[in-house]
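Quick mapping for you: the protein sequence lines, in order, are chains A, B, C and D.
Mapping of the first sequence onto my numbering: position 316 corresponds to residue 326, and the numbering continues sequentially without gaps.
Mapping of the second sequence onto my numbering: position 356 corresponds to residue 366, and the numbering continues sequentially without gaps.
Mapping of the third sequence onto my numbering: position 54 corresponds to residue 64, and the numbering continues sequentially without gaps.
Mapping of the fourth sequence onto my numbering: position 449 corresponds to residue 459, and the numbering continues sequentially without gaps.
Treat the hints as calculated values from the structure; they're not laboratory data.
Some hints could be false.
Which copy? The list can't say, so a pair holds if one copy fits it or any two copies do.
[What the hints assert, rightly or not] Calculated pairs, DMTMM-like style, for lysine to aspartate or glutamate (alpha carbon to alpha carbon, straight line, at most 20 Å):
{"no.": "1", "residue 1": "K74", "residue 2": "D169"}
{"no.": "2", "residue 1": "K381", "residue 2": "D232"}
{"no.": "3", "residue 1": "K381", "residue 2": "D226"}
{"no.": "4", "residue 1": "K354", "residue 2": "D308"}
{"no.": "5", "residue 1": "K18", "residue 2": "E419"}
{"no.": "6", "residue 1": "K354", "residue 2": "D226"}
{"no.": "7", "residue 1": "K381", "residue 2": "E394"}
{"no.": "8", "residue 1": "K365", "residue 2": "D165"}
{"no.": "9", "residue 1": "K453", "residue 2": "E295"}
{"no.": "10", "residue 1": "K453", "residue 2": "D115"}
Protein chains: 4
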Amino acid sequence: MADCDDDKLNDECGVFGIIGHDGAAAMTAIGLHALQHRGQESVGIVSCDRGVFHVEHGLGHVGKHFGSESQSVRGLAGTAAIGHVRYATTGGATTLRNVQPLFADLEFGGFALAHNGNLTNAFGLRHHLVSRGSLFQSNTDTEVIVHLMARSQADAAVDRLIESLRRVEGAYSLVALAHDTLFGVRDPLGVRPLVLGRIGGAWVLASETCAFDIIDAEFVRDVQPGEMLVIESGAETPRSLWPFAARPSRFCIFEYIYFARPDSQVEGRSVYGMRQRIGAELAREASVAADMVVPVPDSGVPAAIGYAAASGLAFELGIIRSHYIGRTFIEPHHRVRHLGVKMKHNANRPLIEGKRLILIDDSIVRGTTSKRIVEMMRAAGAREVHVRISSPPTMHSCFYGIDTPDEDELLAHGMTVGAMAAHIEADSLHFISVDGLYRALGKPGRNPEQPQYCDACFTGDYPTNLADRASGLLRREVTRSG
Amino acid sequence: MADCDDDKLNDECGVFGIIGHDGAAAMTAIGLHALQHRGQESVGIVSCDRGVFHVEHGLGHVGKHFGSESQSVRGLAGTAAIGHVRYATTGGATTLRNVQPLFADLEFGGFALAHNGNLTNAFGLRHHLVSRGSLFQSNTDTEVIVHLMARSQADAAVDRLIESLRRVEGAYSLVALAHDTLFGVRDPLGVRPLVLGRIGGAWVLASETCAFDIIDAEFVRDVQPGEMLVIESGAETPRSLWPFAARPSRFCIFEYIYFARPDSQVEGRSVYGMRQRIGAELAREASVAADMVVPVPDSGVPAAIGYAAASGLAFELGIIRSHYIGRTFIEPHHRVRHLGVKMKHNANRPLIEGKRLILIDDSIVRGTTSKRIVEMMRAAGAREVHVRISSPPTMHSCFYGIDTPDEDELLAHGMTVGAMAAHIEADSLHFISVDGLYRALGKPGRNPEQPQYCDACFTGDYPTNLADRASGLLRREVTRSG
Amino acid sequence: MADCDDDKLNDECGVFGIIGHDGAAAMTAIGLHALQHRGQESVGIVSCDRGVFHVEHGLGHVGKHFGSESQSVRGLAGTAAIGHVRYATTGGATTLRNVQPLFADLEFGGFALAHNGNLTNAFGLRHHLVSRGSLFQSNTDTEVIVHLMARSQADAAVDRLIESLRRVEGAYSLVALAHDTLFGVRDPLGVRPLVLGRIGGAWVLASETCAFDIIDAEFVRDVQPGEMLVIESGAETPRSLWPFAARPSRFCIFEYIYFARPDSQVEGRSVYGMRQRIGAELAREASVAADMVVPVPDSGVPAAIGYAAASGLAFELGIIRSHYIGRTFIEPHHRVRHLGVKMKHNANRPLIEGKRLILIDDSIVRGTTSKRIVEMMRAAGAREVHVRISSPPTMHSCFYGIDTPDEDELLAHGMTVGAMAAHIEADSLHFISVDGLYRALGKPGRNPEQPQYCDACFTGDYPTNLADRASGLLRREVTRSG
Amino acid sequence: MADCDDDKLNDECGVFGIIGHDGAAAMTAIGLHALQHRGQESVGIVSCDRGVFHVEHGLGHVGKHFGSESQSVRGLAGTAAIGHVRYATTGGATTLRNVQPLFADLEFGGFALAHNGNLTNAFGLRHHLVSRGSLFQSNTDTEVIVHLMARSQADAAVDRLIESLRRVEGAYSLVALAHDTLFGVRDPLGVRPLVLGRIGGAWVLASETCAFDIIDAEFVRDVQPGEMLVIESGAETPRSLWPFAARPSRFCIFEYIYFARPDSQVEGRSVYGMRQRIGAELAREASVAADMVVPVPDSGVPAAIGYAAASGLAFELGIIRSHYIGRTFIEPHHRVRHLGVKMKHNANRPLIEGKRLILIDDSIVRGTTSKRIVEMMRAAGAREVHVRISSPPTMHSCFYGIDTPDEDELLAHGMTVGAMAAHIEADSLHFISVDGLYRALGKPGRNPEQPQYCDACFTGDYPTNLADRASGLLRREVTRSG
């Protein structure tokens with residue numbers, strides 16, 4: 011099953027944690043369902059019942075493993091639990107061994123860890139640990155944190171965790187569970203989101219606020235960049251630690267553009283509202299005469315509404331999306347033109363015939379989908395197709411937890427916007443400018459000295475050292491199954 | 011798996027047929043994928059390869075059985091095939107025995123039949139046939155047609171089919187396959203849709219034009235009410251027969267409101283466009299001061315766009331829909347309020363807080379979902395919630411192929427609109443009027459002498475005799491599996 | 011899964027029925043487990059609970075469908091049930107549609123039927139019924155009985171069943187179930203076995219007595235050739251009817267040689283004991299100097315014990331059998347000589363090295379296994395290999411419920427015993443004589459005027475008309491799945 | 011699936027290895043099939059293809075994972091492979107994490123390890139390793155060897171392996187695989203078997219010679235106690251190392267009695283022949299007047315043949331065994347007496363009625379099966395039942411790789427033979443004496459100073475230190491799945 015779009019950037023993970031709730035694992039399963047857009051390839055939950063840990067890992071969707079046909083949730087006793095959904099990049103082929111939360115039996119007791127983000131010095135650390143006798147179970151970067159903890163001589167889990175995190179670099183929003191204690195941590199730059207909530211007497215952590223809505227939890231606040239929350243069972247209030255040197259935050263700007271769910275709040279702001287503002291800014295930057303504004307559904311819809319409102323043009327569903335899982339059908343690949351795209355999208359022919367369209371999408375990655383959609387619109391009779399993209403050109407790989415193809419495969423990496431327009435056969439193509447994007451998010455523009463967000467995929471300006479990339483480390487290959 | 015909404019009316023079936031194509035079964039599988047919204051519980055394809063028939067039936071989605079992980083399509087050799095997706099009503103619990111197309115080895119050779127609709131005298135005919143020694147394989151009404159054909163003394167398949175159809179009453183859009191011949195038939199009232207298309211030298215039949223778009227077939231025309239198309243392999247043109255007494259057509263008006271896909275054309279008109287017109291009409295009939303127009307996604311979107319345009323109010327995504335299959339999670343039913351609804355819908359809290367909303371939905375069946383959505387909007391801070399429905403109140407059962415609950419369970423059956431508004435706790439509630447609906451569809455209003463559509467679910471005015479219902483016929487119960 | 015030996019004759023079916031027992035379906039499942047050797051490809055049970063019938067069919071072993079991991083038995087409510095295990099011949103590829111018991115909703119109510127045997131005029135009857143409008147659900151010969159019953163104008167199930175059976179020819183041991191009544195019938199020749207038992211107040215029917223042992227039922231008597239037992243719920247004693255013209259019985263002699271389980275009693279005699287007597291007779295007919303008697307396990311063991319005792323030679327396990335399911339492994343077909351045979355049998359090398367062996371097997375069908383086993387014994391160092399077979403040469407097909415290959419494939423069909431010995435590379439080869447076989451079974455020899463058993467596979471002397479074979483009737487082919 | 015008899019001792023594992031063969035993984039799968047009796051709960055194969063390792067693990071039988079319906083073997087490229095079948099004791103519930111061969115990415119490259127036996131100081135070593143930062147993946151004792159290797163500072167795999175094995179105690183027959191090198195090791199006492207074979211230019215290692223027969227490999231010799239074979243790809247001859255201090259061997263005597271397959275050779279002797287000799291010795295020790303000798307099949311057969319020959323009584327199949335997988339059927343537990351036993355064994359009633367039987371079995375563990383079989387024989391009409399057991403009373407737990415219940419559950423642990431006879435309701439009961447057993451194996455008797463075999467389960471004389479047992483070490487509990 012792969013309902014991730016091959017021609018989109020994909021977030022790697024969503025995390026969830028809860029402590030002090032009788033139905034901790036069930037709440038976690040429901041919360042993860044609301045975070046499913048952040049990872050569809052695997053799901054795991056670890057619960058802790060008075061010191062005894064229970065681990066369930068599976069491939070595929072949350073509902074498949076923790077829905078009503080499954081007995082999985084019943085086995086996950088305890089009042090604390092953490093969970094994880096994953097898309098997979100680091101770690102290659104998805105196998106059960108790479109499914110998070112990771113669990114280990116450390117000297118002080120059981121410890122479970124779920125990670126959203128990506129470490130940029132993991133291979134180097136792994137190499138060092140292996141040379142000293144550590145055996146790695148998975149191919150995930152996350153496992154180095156657990157090995158560092160295993161080797162720490164500190165007594166308490168919290169001290170071991172701090173000691174370990176001081177050695178890693180990169181992006182991490184973590185939830186972790188030791189006996190009676192839930193941890194929530196964001197790296198000093200705060201690249202990935204993490205929010206704190208409250209439900210009755212229980213505390214909850216999640217990647218996005220939409221996971222609070224589904225379980226009727228109240229949003230309390232964002233976990234801050236560089237902050238570690240230590241929440242003991244029954245605590246009146248989480249303990250807040252600041253174990254790292256303070257740095258200006260660099261939240262991922264693409265969470266606003268595409269990754270986060272539109273009904274979530276990020277940095278106290280509506281994602282949906284920001285997308286409309288981006289659409290409106292785009293209309294200002296690149297207006298064109300047309301009959302209607304058409305989103306590429308579903309992700310292009312909020313920006314298209316914003317564009318339509320700003321431009322005074324009609325917002326219309328010129329493309330209809332099928333939500334049935336569209337596994338590609340074998341035989342007729344060569345017979346039906348662009349079948350892969352058509353399994354999901356169809357031109358609303360009677361609407362667009364003879365019309366001039368402004369097509370709104372959030373990004374162009376390889377360009378294959380854009381090219382096929384433009385062609386599909388023309389085949390359905392569109393007179394003009396003007397493409398407007400609510401992000402700047404994606405030219406660089408992400409090393410912070412987003413699955414990007416090699417730079418060579420990024421259409422914008424080696425092509426001008428004009429060449430791209432010709433390639434996808436659009437009548438015109440425009441990307442929002444970097445400064446326009448910052449303006450839409452309420453900044454006066456990008457501060458080149460100290461950018462307010464991580465925008466490395468557009469600018470190549472990476473906010474951390476990239477140790478592994480610099481050293482060119484590679485791993486041996488192993489296939490595993492079962 | 012039941013991603014059909016329990017609180018919606020559901021179409022029972024979609025049909026597809028093709029003759030004269032090397033990849034007949036693969037084309038059928040792809041076409042059925044585009045018709046998946048018409049039935050998700052089972053799928054079947056029958057192909058014919060120079061007189062040898064191949065039958066594949068399965069429960070669940072098309073992609074599950076005929077996608078790339080399956081070998082099913084490979085076994086379906088031949089240049090002609092028909093297929094069926096089904097939601098299930100008649101026939102009770104979905105078992106493989108009830109999956110269509112039905113196949114039988116008749117005296118003249120193999121014969122396969124797929125049916126969209128419902129026969130209103132099937133139980134009576136079945137009773138008669140059983141008393142004369144017919145053994146029924148399934149619980150479907152459709153099987154009586156096959157038994158009538160088996161008992162016919164005519165030589166040719168076409169004559170047997172005509173003889174049989176002259177004895178049945180009700181709604182039927184059929185595709186059927188005998189050696190070298192594809193049949194397409196609509197009942198004299200034309201209650202359910204059926205369209206004819208062309209791809210290269212092959213002819214195709216489908217419930218809706220969206221199935222043509224996905225395979226790059228060209229839409230030729232609607233099969234007419236009361237028309238039987240007989241298409242021989244390699245035919246230049248289909249043979250058109252008119253075996254029934256002519257009657258004024260009564261196409262199902264609910265296909266416009268909800269069943270058909272918005273990108274399909276019905277009676278030569280855009281379904282999407284009709285829904286926008288209905289929304290606009292609704293705005294005219296029941297305007298109210300508000301801050302925004304919010305669709306209940308996905309089905310309410312086109313009418314909401316129409317309403318917003320007509321009223322000058324903003325169209326906004328105040329409800330975000332998750333498309334991940336939301337099996338209900340077991341344990342916490344009692345803990346999370348309205349979890350079932352929340353698995354699919356979430357209020358876009360930052361957008362709607364403090365706002366006056368006009369909520370657009372296509373229908374109210376039992377009212378459970380409407381009540382919960384209104385409550386969810388209020389819990390998210392909406393100041394006023396005005397509900398507008400793009401169909402008249404649903405007060406009567408359908409006997410023509412739509413799954414409706416018993417009349418007692420229909421909220422509108424025993425309640426005034428005012429009582430309904432109170433029940434769902436809306437600030438106001440309005441349904442489009444029957445005449446308003448007809449106006450939106452381009453009629454001057456409903457002709458009470460000779461209604462232009464079947465609108466029995468709103469009016470109780472059934473266009474055919476309901477023999478089985480009158481006789482109160484019931485069947486014995488059998489459970490089967492495997 | 012096919013743990014049937016390709017180079018054996020295989021019984022088609024085992025049947026079981028019970029009435030008047032609270033756990034009717036569970037008893038049936040257990041009884042069928044004891045009859046598993048009579049058919050491994052499919053299993054079915056039908057129960058009747060105060061007029062409501064429940065049907066469960068599955069492919070594979072009894073334990074797979076009705077074991078403790080399955081919920082199947084729970085759904086089979088009622089105090090009466092019948093069941094069937096099947097190997098499959100008539101009906102081609104095993105699909106769920108051909109799994110018995112067959113169930114039909116007849117005019118008088120539900121009716122279920124399970125059949126061991128084979129009808130010799132089924133195709134002719136089927137052809138006639140189809141021409142009059144009957145629709146067949148399966149490819150089984152058994153279904154003609156159900157259609158004949160459906161067309162009967164008699165009121166009672168028993169009368170319809172008698173009327174139908176009077177029109178069929180061939181071998182049948184049947185158990186059937188109508189509301190409150192269990193039926194047990196053997197054809198006039200009594201080709202296949204059927205026994206009656208008692209457990210508490212309940213009556214049981216089964217193909218063999220070993221099915222009574224497993225449920226602690228008491229063996230009452232054989233159902234007689236041509237007898238129909240009608241057992242009503244709560245009956246003190248079964249009602250015995252004799253609806254057919256009396257004929258001398260012709261019980262299948264191969265049941266003694268191979269099909270029946272050694273711990274069963276047939277015609278009041280121990281199957282195990284008869285096999286020992288056959289082995290002893292074989293020793294008398296064909297003694298040879300040797301060091302030990304080695305059975306081909308498991309079926310050759312009883313005859314080998316008899317042979318060893320009669321000859322005074324040692325009985326030794328010169329071949330060890332693995333009972334783990336030995337699916338053939340793909341790739342190395344060409345690398346390991348005779349891997350298929352070796353998955354199941356291994357030479358006990360240290361025992362047989364340098365020894366002269368008498369190898370006892372029950373039959374030679376195609377000869378492939380015999381050839382490979384002789385070769386395996388030699389490769390393990392045997393000095394001489396003398397093969398003794400406890401049946402006469404199998405030269406003719408069976409039309410009474412045993413799966414035999416076409417006559418051309420039977421090694422004995424076109425070869426002398428001498429040629430066969432050369433073919434399998436044995437030092438000597440001997441089959442028991444037909445008269446020797448009859449003597450072992452306590453007869454003075456075969457009565458050529460009126461043979462005491464059906465021995466058509468050895469003699470070609472078929473005890474019934476073979477109408478279908480004579481008319482060369484064939485069916486159209488259909489593939490089905492799901 | 012549990013076709014292991016609950017009332018038997020069960021061997022934990024079988025191992026197989028091959029190097030220098032094009033179809034290494036396929037050969038391993040076939041070899042493991044022949045070793046299936048040594049472990050049915052899980053199976054794994056690791057292959058190495060020019061330094062790239064491929065790992066496949068599964069639960070259940072070999073054929074299920076590596077048979078023709080599976081693609082598993084195809085993925086296991088390379089000319090070297092090792093495999094493992096497992097019954098499971100150490101490591102509790104069988105999960106994929108505990109399935110062997112274990113695989114680890116060590117500093118020198120990939121390393122795979124399969125272990126038959128059990129380490130007696132594993133928990134202590136594990137505790138030490140965890141305190142120094144090692145993370146354990148499984149609950150198996152075997153994993154300590156891998157961690158010790160990971161922490162070794164030696165360069166070569168062979169040196170690391172030797173260094174690690176010098177620190178472990180207990181029983182181990184190992185096969186291991188590093189790049190281009192296959193290892194075979196037996197602990198200094200040689201408790202578990204391991205044999206070396208040759209097929210073409212390839213070398214093979216296996217637990218028993220029957221695994222060589224199935225692939226047409228030639229048996230070369232036993233790996234010696236304390237010997238380590240190092241076999242490089244293409245080697246003319248294995249390199250033999252002796253890294254441990256020499257000690258007198260203590261081969262497990264129960265391998266002769268029950269564990270090994272009868273067609274295997276152990277220490278150069280026929281297992282089948284040894285079992286016959288044990289039976290003959292038993293006849294001499296404990297003769298009794300009777301009508302026949304009846305084995306409890308299948309394991310009691312060779313001893314029964316020996317007993318019958320020595321006593322001059324008839325050998326008869328008084329119990330018939332069903333080899334169909336007999337999952338217990340749910341509901342009627344309480345209805346059918348001893349259903350569990352009957353699923354597998356049935357009394358051959360017509361044979362034994364009124365007879366005096368000598369029942370031969372290989373051991374009595376809990377005594378439940380013995381008791382039920384005696385009762386079953388009496389219910390079938392046996393006049394006398396004399397039980398003879400081809401092993402001494404099993405009174406002590408095994409710590410060397412055999413799954414034994416707690417001593418309290420062993421019938422012989424707290425009962426005299428007389429009391430046991432009364433408990434199982436036998437007319438008489440006799441176990442072979444310890445000295446008689448040694449005599450049957452060709453020794454003058456047991457040497458109490460220096461026993462020739464490990465017979466601790468009979469005598470309590472354990473040949474090694476039992477460090478973990480002495481320290482009472484326990485582990486934390488974790489449930490895992492997926």
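Exercise. In ascending order, which of the hints set out earlier in this document are inconsistent with the structure?
Worked result: 1, 2, 8 and 10
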